[in-house]
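Participant: Single-letter residue listing:
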Amino acid sequence: MSTDDAYDPKFGEYGGQYVPEALMPAIEELTDAYQRYVLENEDGFMDEFRERLADFGGRPTPLQYADQLSARYDTDVYLKREDLLHGGAHKLNNALGQVLLAKYMGKERIIAETGAGQHGTATAMAAAHLDMPCEIYMGETDIARQRPNVFRMKINGSEVVPVTVGRGTLKEAISETMREWATTVENTHYVIGSIVGPHPFPKMVRDFQAVISEEAREQAIEKMGGLPDSVMACAGGGSNTMGTFAHFIEDTGVDLYAVEAGGSSLQVDEEEGVAPNSATLSTGDEGVLHGARTKLLQDSDGQIMESHSVSSGLDYAGVGPELAHLVDEDRVTPVNVDDDAALEAFHRLSQDEGIIPALETAHAFGYLEEHHDEVGDSVVINVSGRGDKDLEIAIEETSKRDLDIAPDMSIFDSVGRSPTSQSTGDEPRDSVGGGGL
Amino acid sequence: MGLERAFADEPAFVPYLAAGDPNYEASLEYVEALARGGADAIELGLPFSEPIAEGKTIQNAIVRSLEAGMTPDRFFEFVEDLDVDVPLVCMTYYNLIYQYGESEGPRPFVEKAAAVGIEGLVVPDLPGEEAGPLRTACDEFGLDLVFIVAPTTKGDRLERMLEQVSGYVYVQARLGVTGAREDVDDATEESLARLSDWDVPKAVGFGIKTGDHAERIVSSGADGIIVGSALVDIVAEGHENGDSADTVADRLEAKARELKEGALRGAAGRPQPERT
Numbered sequence: 001m002s003t004d005d006a007y008d009p010k011f012g013e014y015g016g017q018y019v020p021e022a023l024m025p026a027i028e029e030l031t032d033a034y035q036r037y038v039l040e041n042e043d044g045f046m047d048e049f050r051e052r053l054a055d056f057g058g059r060p061t062p063l064q065y066a067d068q069l070s071a072r073y074d075t076d077v078y079l080k081r082e083d084l085l086h087g088g089a090h091k092l093n094n095a096l097g098q099v100l101l102a103k104y105m106g107k108e109r110i111i112a113e114t115g116a117g118q119h120g121t122a123t124a125m126a127a128a129h130l131d132m133p134c135e136i137y138m139g140e141t142d143i144a145r146q147r148p149n150v151f152r153m154k155i156n157g158s159e160v161v162p163v164t165v166g167r168g169t170l171k172e173a174i175s176e177t178m179r180e181w182a183t184t185v186e187n188t189h190y191v192i193g194s195i196v197g198p199h200p201f202p203k204m205v206r207d208f209q210a211v212i213s214e215e216a217r218e219q220a221i222e223k224m225g226g227l228p229d230s231v232m233a234c235a236g237g238g239s240n241t242m243g244t245f246a247h248f249i250e251d252t253g254v255d256l257y258a259v260e261a262g263g264s265s266l267q268v269d270e271e272e273g274v275a276p277n278s279a280t281l282s283t284g285d286e287g288v289l290h291g292a293r294t295k296l297l298q299d300s301d302g303q304i305m306e307s308h309s310v311s312s313g314l315d316y317a318g319v320g321p322e323l324a325h326l327v328d329e330d331r332v333t334p335v336n337v338d339d340d341a342a343l344e345a346f347h348r349l350s351q352d353e354g355i356i357p358a359l360e361t362a363h364a365f366g367y368l369e370e371h372h373d374e375v376g377d378s379v380v381i382n383v384s385g386r387g388d389k390d391l392e393i394a395i396e397e398t399s400k401r402d403l404d405i406a407p408d409m410s411i412f413d414s415v416g417r418s419p420t421s422q423s424t425g426d427e428p429r430d431s432v433g434g435g436g437l
Numbered sequence: 001m002g003l004e005r006a007f008a009d010e011p012a013f014v015p016y017l018a019a020g021d022p023n024y025e026a027s028l029e030y031v032e033a034l035a036r037g038g039a040d041a042i043e044l045g046l047p048f049s050e051p052i053a054e055g056k057t058i059q060n061a062i063v064r065s066l067e068a069g070m071t072p073d074r075f076f077e078f079v080e081d082l083d084v085d086v087p088l089v090c091m092t093y094y095n096l097i098y099q100y101g102e103s104e105g106p107r108p109f110v111e112k113a114a115a116v117g118i119e120g121l122v123v124p125d126l127p128g129e130e131a132g133p134l135r136t137a138c139d140e141f142g143l144d145l146v147f148i149v150a151p152t153t154k155g156d157r158l159e160r161m162l163e164q165v166s167g168y169v170y171v172q173a174r175l176g177v178t179g180a181r182e183d184v185d186d187a188t189e190e191s192l193a194r195l196s197d198w199d200v201p202k203a204v205g206f207g208i209k210t211g212d213h214a215e216r217i218v219s220s221g222a223d224g225i226i227v228g229s230a231l232v233d234i235v236a237e238g239h240e241n242g243d244s245a246d247t248v249a250d251r252l253e254a255k256a257r258e259l260k261e262g263a264l265r266g267a268a269g270r271p272q273p274e275r276t
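First to last, the sequence lines map onto chains A and B.
Numbering follows full-length UniProt numbering, with no gaps: position 222 of the first sequence is 222.
Numbering follows full-length UniProt numbering, with no gaps: position 20 of the second sequence is 20.
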């Protein structure tokens, strides 16, 4: 963890710095800043970061015993409530850290990519909080399916730039933000949203997110009198995953489960270049994407596949190089659940525990439902984000399926409006931010 | 090694096209037209799905080429089918090089590239830090590995790069991504000045659109110019308008002549860099 060398860019064979030369001087500058401010607390950077995480962010977040799920699975289920962090997801830990670091480095402007909009929202909040101008790059598909977060970013004063190339999801947004960074690198910091990208981003983002497991481990010992048998988190790029695992890595008696999006199927369509899932750790091969060598969804030539998940935040063809390494080392177990199981889990956690999770987060609970007899007597699950942003898509996706657990939405029939009529994204809705589509 | 010879007698014109854009047959004709128009070496893009250094023009070319079925193996066939007698350089991204062939690492790609007559590689997402294995493979098979010097490449980085360069250096004329521009960035002249004592040909790319741009850049001390997007724009426009491949090839040849002649004027005017 923070004892790592800031100048070692690799995790085993993974990681590295596969970026255009124009960015390398900025990456060297960032590596120095990471060493000095983050690892050595120069000028009290980490003290200020912790203080702002507490006062602005609301840390520490609770570790909560889940009564109904524990009874259902006959296993002690503890929830790490990152959904209670300001912004409604773990993303603020990293966004606040990087925006503050950019300020310490004397940068004048922030850019960021976003998939589900959670990282974009957190970055917009952090940028407003620290008085930095901010532009967020977001794929147009994601803009359409994550409207509430687009509103939040704009309301916080950030520009939202639609990315129209490709399928318009996280992969394209990262590529476009890298292009923008290559243009404005001299005065701009790129707040990357996960443990992906060129070194030092994977290590630095992990260190900012590691506060999750630092707290959870102490809280577990306090509440349970010891360590849990298992720790579980959903995995897209992997920032909440590594944040949740970081302080448990050395505890070899604790099983670590990274729950990926199985999408609609684990089969790939090589001809079309489409993988109808985002299960990179489970099914991907080694390759180079967005600055790092890692596991990827790619065809036999090395072209990157279009991934899929019902949750935008997991919908990515790559994964953090450190997670790829930990999977190869057999320290982290990659598992996955499909869209259906994630939707069921979304409703179950909402109904049984009164917590509406993000669809990303729901994947972890989907896995628990299917495999609760394999995770030991106690499990800590990271509730990486809350599901307010997903209500439209969750209702729409639920209406396509025959789920026993789905709530009855016929109330809308009697008032003459379908619950999904707002979420097609086809018609102009109102003037608040929707016009840029 | 070989690519220096493209710069030996006069300023070199090095055009770029994405191989297979908008389809295999037309693209062969377009590349050959550039050779007729005066190309001294040609950079052929092998399309990668995530081209993070490219602007919209070349991103779209890559999409057209991939949709028309371009793959690394088709690319090597393309090179074999080309009837040109100038050096060919492959420009692509590292994952395609890394994945090619049965064994791990860049060696199988480089071996195949050498076998079909490719003489050099440009890999925009491979800075010196990660270039070791590819450098080794290129040395084994006699290929040049062309490095990009950015406007931000200064001091120690520049010194370290000098130890790795071969063939020519690709001087990135401005920050950002590829794409034809209306002007010449001052960063170009600053970059050339930083490299003035390097004993390797300096080819400037990113943003060059016209013969006048070529003239100004060569008069500032460049040994050659690299032009991609301004040519890809001609391919794209012809494709959108449904023009015949012959018509588009003629336009490309004419544009090549304009750029090459601009470069020659720049060399002739070098003692007085300010044009009269």
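Be aware that a few hints might be false.
Covered stretches of chain A (in silico footprint by chain B; criterion: 3 or more residues with CB under 8 Å from a CB of chain B, positions within the stretch not fixed) [unchecked claim]: (1) 239 to 247; (2) 298 to 304; (3) 384 to 391.
Each pair of labels, with its calculated beta carbon distance range [as the list claims (entries may be wrong)]: (4) B/K154 - A/D131: 52 to 60 Å; (5) A/D285 - B/E77: 20 to 28 Å; (6) B/E237 - A/E29: 35 to 43 Å; (7) B/R36 - A/D285: 41 to 49 Å; (8) B/F141 - A/S300: 20 to 28 Å; (9) B/K154 - A/K10: 43 to 51 Å; (10) B/K154 - A/L403: 37 to 45 Å; (11) A/E250 - B/E25: 57 to 65 Å; (12) B/V116 - A/V274: 25 to 33 Å; (13) A/D352 - B/Q164: 33 to 41 Å; (14) A/F412 - B/E102: 40 to 48 Å; (15) A/F56 - B/D212: 49 to 57 Å; (16) A/E29 - B/E10: 53 to 61 Å.
FYI, nobody ran anything at the bench for these hints, they're computed from the structure.
Just so it is clear, CB atoms sit at the ideal spot from N, CA and C, and this is done for glycine as well.
Participant: Given a hinted range of 43 to 51 Å, is it respected by the beta-carbon distance of B/K154 and A/K10?
Facilitator: violated, 26 Å
Participant: Count the residues of the segment 239 to 247 of chain A with a beta-carbon closer than 8 Å to any beta-carbon of chain B: does the count reach three?
Facilitator: violated (count 0)
Participant: So the hint says 41 to 49 Å: do the beta-carbon atoms of B/R36 and A/D285 match that?
Facilitator: With a Cβ separation near 42 Å, B/R36 and A/D285 satisfy 41 to 49 Å, so the hint holds.
Participant: Just tell me: holds or violated, for the beta carbon distance of A/F56 and B/D212 against 49 to 57 Å?
Facilitator: Since the Cβ atoms of A/F56 and B/D212 sit about 54 Å apart, the hinted range of 49 to 57 Å holds.
Participant: Do A/E250 and B/E25 keep their Cβ atoms within the hinted range of 57 to 65 Å?
Facilitator: holds, 60 Å
Participant: Between B/K154 and A/D131, is the Cβ distance one that fits in 52 to 60 Å?
Facilitator: violated, 30 Å
Participant: Taking the Cβ atom of A/E29 and the Cβ atom of B/E10, is their distance within the range 53 to 61 Å?
Facilitator: Given range 53 to 61 Å: violated, Cβ gap about 40 Å.
Participant: Verify the CB-CB distance for B/E237 and A/E29 against the hinted window 35 to 43 Å.
Facilitator: holds, 41 Å
Participant: Are there three or more residues in the segment 384 to 391 of chain A whose C-beta lies within less than 8 Å of some C-beta in chain B?
Facilitator: n = 0 at 8 Å, threshold three: violated.
Participant: If I claimed the Cβ atoms of A/D352 and B/Q164 lie 33 to 41 Å apart, would that claim hold in this structure?
Facilitator: Between A/D352 and B/Q164, where Cβ atoms are some 60 Å apart, the hint is violated.
Participant: Return holds or violated for the Cβ distance of B/V116 and A/V274 against the range 25 to 33 Å.
Facilitator: holds, 30 Å
Participant: Given the hint of 37 to 45 Å, check if B/K154 and A/L403 actually sit that far apart at their C-beta atoms.
Facilitator: violated, 59 Å
Checked against the numbered hints above, the structure violates hints 1, 3, 4, 9, 10, 13, 14, 16; every other hint is satisfied.
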